[in-house]
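From first to last, the protein sequence lines stand for chains U and S.
For what it's worth, numbering that gives the first Met the number 0 labels the leading residue of the first sequence as 0, then goes sequentially.
For what it's worth, numbering that gives the first Met the number 0 labels the leading residue of the second sequence as 0, then goes sequentially.
Source of the hints: derived by calculation from the structure; they are not laboratory data.
Some clues are possibly wrong.
[Said to hold, decoys possible] Derived BS3-like pairs: lysine-lysine, alpha-carbon spacing no greater than 30 angstroms straight-line:
{"#": "1", "chain 1": "U", "residue 1": "Lys101", "chain 2": "S", "residue 2": "Lys59"}
{"#": "2", "chain 1": "S", "residue 1": "Lys175", "chain 2": "U", "residue 2": "Lys140"}
{"#": "3", "chain 1": "S", "residue 1": "Lys80", "chain 2": "U", "residue 2": "Lys79"}
{"#": "4", "chain 1": "U", "residue 1": "Lys102", "chain 2": "S", "residue 2": "Lys80"}
{"#": "5", "chain 1": "S", "residue 1": "Lys159", "chain 2": "U", "residue 2": "Lys102"}
{"#": "6", "chain 1": "S", "residue 1": "Lys59", "chain 2": "U", "residue 2": "Lys79"}
{"#": "7", "chain 1": "S", "residue 1": "Lys145", "chain 2": "U", "residue 2": "Lys133"}
{"#": "8", "chain 1": "S", "residue 1": "Lys80", "chain 2": "S", "residue 2": "Lys59"}
{"#": "9", "chain 1": "S", "residue 1": "Lys80", "chain 2": "U", "residue 2": "Lys101"}
[What the hints assert, rightly or not] To be clear about the criterion: a stretch of chain U counts as covered by chain S if any three or more of its residues have a C-beta under 8 angstroms from a C-beta of chain S, and this derived list gives those stretches:
{"#": "10", "region": "104-117"}
{"#": "11", "region": "137-148"}
Bear in mind the structure is a predicted one, so any value in this text is a computation, not a measurement.
Positions of the beta carbon are idealized from the N, C-alpha and C atoms, including for glycine.
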Amino acid sequence: MSKDLGNGIYAEAIMVHRAEIKAKFVNRYSAILVGGLMMLLPACASANESGATIDNVLAGYQSAGAVEFSRQRGEALWAKQVVGAEPFSSRSCTSCHGADLKKPGQHVQTKKTIAPMSAAANSQRYQTEADIEKWFLRNCKWTFGRECSAQEKGDFLTYLRMQ
Amino acid sequence: MKIVTASVSAITLGMIITAAVFFSTDKAWSDEDGDKSAFWDISDLKRPGVAAVSNELYLKECGSCHMAYPPGLLPEKSWVKMMGELENHFGENAELGDAVRTELLVYMLNNSADKADYRRSKKIMRSLSADETVDRISLTPYFLRKHDEVPQRFVADNPKVRSFSNCDACHLNAVKGNFNEDEISIPGVGYWHD
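Assemble the whole structure, with the sequences as input and the hints as a guide.
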């Protein structure tokens, strides 16, 4: 990701932002945005069944080369303790999500409550592929110091959906 | 002669009204945090507090690990820096795709402390020196000055607070952009009396 603040998306964002102020485009944009959102509203007003999303994501992992997914492997990897940098010298998925997936977790650093991971206990879970992938990326890097493979992510989801 | 008197008294009346507006505003706000500004300082005519977060995407993306901090609490250059190093965000990984990042940044820059017509945003700006870029709200001179009477045992040594970053642990209406002194309750300690 670019750290060069003078270039790329930052320059673009700043330009957009200045242009907006100048021409008072903000209002127009928000009108369009609100209009767009209103049209989308019926489609996303309530939480969807997470099953179809998870099925799609798993199919994607399989076409990326993953073999059959295992709930047991997912469960073991979920609890696996890994050595990390101080002050969080021992890290695992349970550091923030806890061991009981039906109960809320707590962010290890900020102490903010994290809603239960169990799809059965929490109907808001696993709504979009983008969110699932965003958190796998961040959380695998933080916990294990690397990205997770398609196989590992599939095993995690198989475990998480069955709880 | 009559016309001259009339216009002189009109001007005098105008001056009295103007002065009254300035002085009453000054009085209404100076008690709240003690550092009274000169009566001609128009920033005191700005809205009090700081703008509450009004953007759904920001609430979702920047409110999952901690409260979504109002963009009016830091200047543009701090936000730009932060959004360029999300993979290492205060010991956390908060990385985002470019499209979402750009959309967030546009909202943040439109509402940053250097743009916001809110009184606390102006005060934060005034406390900062031009040549440095602060990473945290809790490291701005304004913040440090406001919290220098809050002892460590209420914060770092208090498991229910743990860090000054946890604004909403103490400021009951932080999510509304409200940090008034009479709306503070420190967990395990109680309501704050100066």
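Hint-by-hint comparison with the structure:
With a CA separation close to 22 angstroms, the supplied pair U:Lys101 and S:Lys59 stays within the 30 angstroms bound. Annotation: proposed proximity of S:Lys175 to U:Lys140 is violated, straight-line Cα distance about 33 angstroms (limit 30 angstroms). For a cut-off of 30 angstroms, the pair hint linking S:Lys80 to U:Lys79 is broken: about 34 angstroms separates their Cα positions. A threshold of 30 angstroms between alpha carbons decides the hint, and for U:Lys102 with S:Lys80 the separation of about 36 angstroms lies outside it, so the pair is violated.
Straight-line distance between C-alpha atoms of S:Lys159 and U:Lys102 comes to about 19 angstroms, which keeps the hinted pair within the 30 angstroms bound. A distance of roughly 29 angstroms separates the Cα atoms of S:Lys59 and U:Lys79; the hinted pair therefore holds under the 30 angstroms criterion. With a C-alpha separation of about 37 angstroms, the suggested pair S:Lys145 and U:Lys133 falls outside the 30 angstroms cut-off, and the hint is violated. At most 30 angstroms may separate the alpha-carbon atoms for a hinted pair to count; S:Lys80 and S:Lys59 meet this at roughly 20 angstroms.
This hinted pair does not check out: S:Lys80 and U:Lys101 have alpha carbons roughly 38 angstroms apart, beyond 30 angstroms. Figure legend: the region 104-117 of chain U, annotated as covered by chain S; annotation consistent (5 residues with Cβ-Cβ distances under 8 angstroms, at least 3 required). Beta-carbon proximity to chain S at under 8 angstroms applies to 4 residues in the region 137-148 of chain U; the threshold of 3 is reached and the given coverage holds.
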